[in-house]
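*Asks:* With chain A held as given, fit chain B onto it using these hints.
Number of protein chains: 2
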Amino acid sequence: MNTKVFLTEDEMPRQWYNLAADLPSPMQPPLGPDGNPISPDMLAPVFPMNLIEQEVSQERWIDIPEGVQELLRLWRPSPLYRALRLEKALGTPARIYYKNEGVSPAGSHKPNTAVAQAWYNKQFGIKRITTETGAGQWGSALAFACSLLGLECKVFMVRISFDQKPYRKLMMQTWNANCVPSPSPETNAGRDILKKMPDTPGSLGIAISEAIEAAVTDQSGQTRYSLGSVLNHVLLHQTIIGQEAKKQLAKAGEKKVDAVIACAGGGSNFAGIAFPFISDKINGADIAFYACEPTSCPTLTRGPFAYDFGDVASTTPLLPMHTLGHTFVPPPIHAGGLRYHGMAPLVSQTVVEGLVTPRAFDQLECYEAAVQWARTEGFIPAPETSHAIACVIDEAKKAKEAGQEKVILFNWSGHGLMDLNGYGAYFSGKLTNYALPDKDLKESLAPLDKLPKAKSIKTGKW
Amino acid sequence: MNTKVFLTEDEMPRQWYNLAADLPSPMQPPLGPDGNPISPDMLAPVFPMNLIEQEVSQERWIDIPEGVQELLRLWRPSPLYRALRLEKALGTPARIYYKNEGVSPAGSHKPNTAVAQAWYNKQFGIKRITTETGAGQWGSALAFACSLLGLECKVFMVRISFDQKPYRKLMMQTWNANCVPSPSPETNAGRDILKKMPDTPGSLGIAISEAIEAAVTDQSGQTRYSLGSVLNHVLLHQTIIGQEAKKQLAKAGEKKVDAVIACAGGGSNFAGIAFPFISDKINGADIAFYACEPTSCPTLTRGPFAYDFGDVASTTPLLPMHTLGHTFVPPPIHAGGLRYHGMAPLVSQTVVEGLVTPRAFDQLECYEAAVQWARTEGFIPAPETSHAIACVIDEAKKAKEAGQEKVILFNWSGHGLMDLNGYGAYFSGKLTNYALPDKDLKESLAPLDKLPKAKSIKTGKW
Numbered sequence: 001m002n003t004k005v006f007l008t009e010d011e012m013p014r015q016w017y018n019l020a021a022d023l024p025s026p027m028q029p030p031l032g033p034d035g036n037p038i039s040p041d042m043l044a045p046v047f048p049m050n051l052i053e054q055e056v057s058q059e060r061w062i063d064i065p066e067g068v069q070e071l072l073r074l075w076r077p078s079p080l081y082r083a084l085r086l087e088k089a090l091g092t093p094a095r096i097y098y099k100n101e102g103v104s105p106a107g108s109h110k111p112n113t114a115v116a117q118a119w120y121n122k123q124f125g126i127k128r129i130t131t132e133t134g135a136g137q138w139g140s141a142l143a144f145a146c147s148l149l150g151l152e153c154k155v156f157m158v159r160i161s162f163d164q165k166p167y168r169k170l171m172m173q174t175w176n177a178n179c180v181p182s183p184s185p186e187t188n189a190g191r192d193i194l195k196k197m198p199d200t201p202g203s204l205g206i207a208i209s210e211a212i213e214a215a216v217t218d219q220s221g222q223t224r225y226s227l228g229s230v231l232n233h234v235l236l237h238q239t240i241i242g243q244e245a246k247k248q249l250a251k252a253g254e255k256k257v258d259a260v261i262a263c264a265g266g267g268s269n270f271a272g273i274a275f276p277f278i279s280d281k282i283n284g285a286d287i288a289f290y291a292c293e294p295t296s297c298p299t300l301t302r303g304p305f306a307y308d309f310g311d312v313a314s315t316t317p318l319l320p321m322h323t324l325g326h327t328f329v330p331p332p333i334h335a336g337g338l339r340y341h342g343m344a345p346l347v348s349q350t351v352v353e354g355l356v357t358p359r360a361f362d363q364l365e366c367y368e369a370a371v372q373w374a375r376t377e378g379f380i381p382a383p384e385t386s387h388a389i390a391c392v393i394d395e396a397k398k399a400k401e402a403g404q405e406k407v408i409l410f411n412w413s414g415h416g417l418m419d420l421n422g423y424g425a426y427f428s429g430k431l432t433n434y435a436l437p438d439k440d441l442k443e444s445l446a447p448l449d450k451l452p453k454a455k456s457i458k459t460g461k462w
Numbered sequence: 001m002n003t004k005v006f007l008t009e010d011e012m013p014r015q016w017y018n019l020a021a022d023l024p025s026p027m028q029p030p031l032g033p034d035g036n037p038i039s040p041d042m043l044a045p046v047f048p049m050n051l052i053e054q055e056v057s058q059e060r061w062i063d064i065p066e067g068v069q070e071l072l073r074l075w076r077p078s079p080l081y082r083a084l085r086l087e088k089a090l091g092t093p094a095r096i097y098y099k100n101e102g103v104s105p106a107g108s109h110k111p112n113t114a115v116a117q118a119w120y121n122k123q124f125g126i127k128r129i130t131t132e133t134g135a136g137q138w139g140s141a142l143a144f145a146c147s148l149l150g151l152e153c154k155v156f157m158v159r160i161s162f163d164q165k166p167y168r169k170l171m172m173q174t175w176n177a178n179c180v181p182s183p184s185p186e187t188n189a190g191r192d193i194l195k196k197m198p199d200t201p202g203s204l205g206i207a208i209s210e211a212i213e214a215a216v217t218d219q220s221g222q223t224r225y226s227l228g229s230v231l232n233h234v235l236l237h238q239t240i241i242g243q244e245a246k247k248q249l250a251k252a253g254e255k256k257v258d259a260v261i262a263c264a265g266g267g268s269n270f271a272g273i274a275f276p277f278i279s280d281k282i283n284g285a286d287i288a289f290y291a292c293e294p295t296s297c298p299t300l301t302r303g304p305f306a307y308d309f310g311d312v313a314s315t316t317p318l319l320p321m322h323t324l325g326h327t328f329v330p331p332p333i334h335a336g337g338l339r340y341h342g343m344a345p346l347v348s349q350t351v352v353e354g355l356v357t358p359r360a361f362d363q364l365e366c367y368e369a370a371v372q373w374a375r376t377e378g379f380i381p382a383p384e385t386s387h388a389i390a391c392v393i394d395e396a397k398k399a400k401e402a403g404q405e406k407v408i409l410f411n412w413s414g415h416g417l418m419d420l421n422g423y424g425a426y427f428s429g430k431l432t433n434y435a436l437p438d439k440d441l442k443e444s445l446a447p448l449d450k451l452p453k454a455k456s457i458k459t460g461k462w
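Which chain is which? The protein sequence lines are A and B, in order. Per the numbering used here: the first sequence = residues 1 to 462. Per the numbering used here: the second sequence = residues 1 to 462.
Think of the hints as simulated: they come from the structure by calculation, not from any bench. Keep in mind that this is a model prediction, so the values were computed, not measured. Misleading hints may appear alongside valid ones.
All copies of an identical chain are treated as equivalent in the list; a pair is satisfied when it fits inside any one copy or across any two copies.
As the list claims (entries may be wrong) - Taking lysine to aspartate or glutamate pairs in the DMTMM-like style, the calculated list, with each CA pair at most 25 Å apart, reads:
1. K127 <-> E87
2. K247 <-> E11
3. K251 <-> D10
4. K4 <-> D63
5. K127 <-> E213
6. K255 <-> E9
The shape of chain A in the complex, shown without the other chains:
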């Protein structure tokens, strides 16, 4: 029995899939500080216009330029794996498949959008891209992409991660990027914070403010900012994952898939594998979708659908999304990529419309799942990926109890070789779960009351 299904490079998808074209209810627009919908040109100082056009596009299919395809071919199509050894260990009748996105040079799915964004920026005449990174996955991916295209890359890395994860900084440096701890003395935002709190560990919110400021204040006009998740065009670039998976499942002889699973932080990795299949569900297919998040940062499972800012400093447009409130401070779980108060508007809307079921998992159960995975399937998963694995194991066990054949597909979003400290903490018994008391949640949601309200969306009939 085969463990892997490959596609040739010729079989790589040539278009991205835009779920916005197929959603039962239209997306609600981002709002500016005045509460009115923002226009594309208001984003022009931040993003290049070709990406802004993608951000607002309602086209179902968007061609992947040959220049981007050429970059993607460095590691894509990624293999579809059958988790034969885990199935055997669980004694489940379920057939478990996963896309191994850890094969990219940066070790995760992030380069799928990084190379596309870098390419579009270069086409637009941009010479320099700024971004922020928390755990380091996104900063690494963008550094890698810019290196291939000869663009300058500046990464503001949350100071505590910068200090704790020197290997991430070295990866970025190897790819010729300039990675500085945030808050930095290089921006007004950074200097202000440093003056008030010289010993601050930093935060993603501060780093975002610095990266945007560094982009929009560059007088040459040749610098733009780049974001690794949340936005429509970022999710769009990830849909190549699910499209490849469809072709590979067909090659493996599977006629249908019963459950599609991925972890969800900002939402791009979930969107990547799920959106092409959600299209089938909208057209009548019977598929369950599980977006998996930490119980300690339960954006989809406990946060409302509301207009909120993307960053702590309230500098971004207001986005319609599931949110815990933009002042929410997530506990220090090791899955840094899932520590975000909001969720991509597109993913949020699939939940609101009842297409996707969110599920939350405790940190300890995720590491238990990750270790079982590593000892059966070999590859050591990223702490984010372990949330999807916990869900897969749960579904596979249910299938066993029900004696039910079932096809489960999930996104193995990346390897954990740069994040082994979490495993160390788990083995030493120092790892804990984090509850989020109702009282704390209520407090963090309070600022939403002063913001414009999102319209309620009528649930479809699937």
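*Replies:* Just chain B, lined up with the frame of chain A:
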């Protein structure tokens, strides 16, 4: 143009290739402490008999058991890559291909033999395997293999690496292995050293002594020792790399290969890609083979072919090999896997017979090559692999000067994500080269005079 050539799992080679069957001159036997050839049964306390049989086999082809194939399918066949982006950056007419062995769960070629050795041990009724590791690649690979087969694994890791590379230890722990710093209080060898030198950083020689002792003194008889390179059966297991490469080059439309290149520490990674092609050279094909080593540990380029011990403590049989003398202490280069005083007898003999050309590269030029690679081809190479890359770049430049189309194949033996400190040292300008003065070499070779002499081998006529 395609970047990658895949093989299906059905196309994976079913046999290993044993170069010993085709060498122009017969191999000289390992000798015991009395200077007489050792018999297979003398190795029985150390290795299981099924692997000892492979060690002494003269069969050209040895079947890969289905149980081993099943384990290999977890990541094999590995992709053959065309380094299109590096070719372009160099402006070379050479076509550069590489086997990406970094796709294995442990990130290097080492698991090719680790899963085979673990499987044969299990077949023989062994429950527990001991080994040593320096930089950590081999210990990780064996831990991974034992984890898949439910075998206990104990790794004696050189103390200074144990302290400097906590991620390696965590990898092994994730795969359920017991990794202890060496010298340890668990063996006589370790206790003796600790008594004399409580603060010693340890060495591979000490760790080997501990691992062998732990295996042979286990009264249950269910423990054996495992080695990650040097021995014939280890090299044999790696020949799947070169066999796959042959099929993939044919798929890529290449009718011949002009140069085959790999780094050489103990010799298994070089043997893996080169031996199946050396067979062609013996049969008349015109192929250059380059075994690449550090100038600071110039086993093949400056060491004689002689009988020598495999370890510092002189506990192993005497092996006929290129050697710098078993008391040679290599400088602290980052390519830990290339810091070995000897070279696999099979590889040594290909050099003696003029089939293979050894070449040595300085540490700084290797990091320069590695960084150029990462910024064009994306994947960050291991410090060992960078020695092959330095050679490839040199050959590609020569092809450019000569205006000569040329097919270069090399073994990208592993990724450097666990070894980024070396890159950090390079970027900070702290990295240096290390010369080995003739005087020091002479001193380290002196002990060989008291050992039996290897016969001189008549060079063949190719």
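*Asks:* Evaluate K247 and E11 at a C-alpha cut-off of 25 Å and name the case that applies: within, between, both or neither.
*Replies:* both (9 Å within a copy, 21 Å between copies)
*Asks:* At 25 Å max between alpha carbons, let me know whether K251 reaches D10 within a copy, between copies, both or neither.
*Replies:* both (15 Å within a copy, 14 Å between copies)
*Asks:* Give the relationship of K127 and E87 under a CA distance limit of 25 Å: within one copy only, between copies only, both, or neither.
*Replies:* between (48 Å within a copy, 24 Å between copies)
*Asks:* Using 25 Å as the alpha carbon limit, work out where K127 and E213 are close: within a copy, between copies, both or neither.
*Replies:* within (16 Å within a copy, 60 Å between copies)
*Asks:* How would you classify K4 and D63 at a CA-CA limit of 25 Å: within, between, both, or neither?
*Replies:* between (28 Å within a copy, 22 Å between copies)
*Asks:* Is it within, between, both or neither when you check K255 against E9 at 25 Å Cα-Cα?
*Replies:* both (23 Å within a copy, 22 Å between copies)
Hint compliance for this structure: no hint is broken.
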